[in-house]
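So the sequence lines, in the order shown, correspond to chains A and B.
For the first sequence, the working numbering gives the first residue as 1, with consecutive numbering after it.
For the second sequence, the working numbering gives the first residue as 1001, with consecutive numbering after it.
Source of the hints: derived by calculation from the structure; they are not laboratory data.
Glycine included, C-beta positions come from ideal geometry on N, C-alpha and C.
Facing chain B, according to a computed beta carbon distance under 10 Å, are these residues of chain A, among others: (1) Gly38; (2) Leu57; (3) Gln68.
Once the Cα atoms are required to be at most 30 Å apart in a straight line, the calculated DSBU-like pairs of lysine-lysine come out as: (4) Lys49(A) to Lys1114(B); (5) Lys186(A) to Lys1094(B); (6) Lys184(A) to Lys1091(B); (7) Lys1115(B) to Lys159(A); (8) Lys75(A) to Lys1115(B); (9) Lys228(A) to Lys1091(B).
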Amino acid sequence: MKILVIIPAYNEEESIASVINQIRFYAPEADILVINDGSVDATGEIAAKAGVKVVNLPFNLGIGGAMQTGYIYAKYHSYDIAVQVDADNQHDPFYINKLVQPIVDNSADMVIGSRYVGKTIYKSSVFRRVGMVFFTFLIKLLTDKWIMDTTSGFRAVNKGIINLFAMDYPVDYPEVDVLVRLYKKKFRVIELPVEMKARKTGKSSITPLRSIYYMIKVTLSLIIETIKY
Amino acid sequence: MFLNVHSISILFSITFLIVVIELVRKNKLLEQYSLLWIFMSIILLVLSSTPKIINTLAKWLDIKNPPSFLFLFGLVYLLIYNLHITTVVSKQSKKITRLAQEIALLKEEMENNKKI
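Just chain A, same shape as in the assembly:
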């Protein structure tokens, strides 16, 4: 099974090298692909120096466009499994093998690394948790499935989903959006508990006002996704 770890990175020069090294340590059999999403810092150079494959986008496409680039790459090079790992050190590469296993066993099409399934020591702000619970209920309403960590970007997908995403991937809020899309196409999505680390570098973009705005936008986009053909 060919496994590709996709790291979408936008201005993550401080953390990218350590993320790459940890992935190499915990998942030595996987190929690593950094999607440099128009960074203005040295993210691309550092990743290239680390010896992994780097795709430099000519300008910032945002998380949706960047991740889709990774899926297109995975499709062109016929990978069987693609794993998304964030470049900011939040996702612990230790769990990559755990996330990949159900796909190898063909018991799931997508596996989400979840902060909220089982006991984890991950702590987040009140606003974030309110948003999380809201999305969980919204997804339950729209798809009749409980997904505890809807926004987790730590996920592994199989070939069928790679091909689907290479063709069409949401531009904004892809993590949540995709849950509805995959439900409609009858893919099997499961969650496995992982520990997530607090961000060491960079800063989270979440403020109270922004998270309300974010919630409204995601809700609208989820409803639209539900009624889409």
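Add chain B to chain A, keeping to what the hints say.
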């Protein structure tokens, strides 16, 4: 009076039509987007040259003030045209994204080949 609302609107529609056609001739406006504008300026020309049409239409629609019909028409037309333009922009932004992705992937492949 020569300068009344009718003569001005006739003059305006003619100028508008000429500008649209000139833009197409200079290749600054694609034919596919010019059609709706040409259509619009011809309607405008007809309506402004024969006020009777507006008066009759306004009566049919039970509009007390006939010029209001013009406003309604203009508003609805621009609304529809705007929606059309947004679908065009959406299509283009999808295509641009795809182009950026394919170019980036091609460049990666070229670099790879160079190393070998």
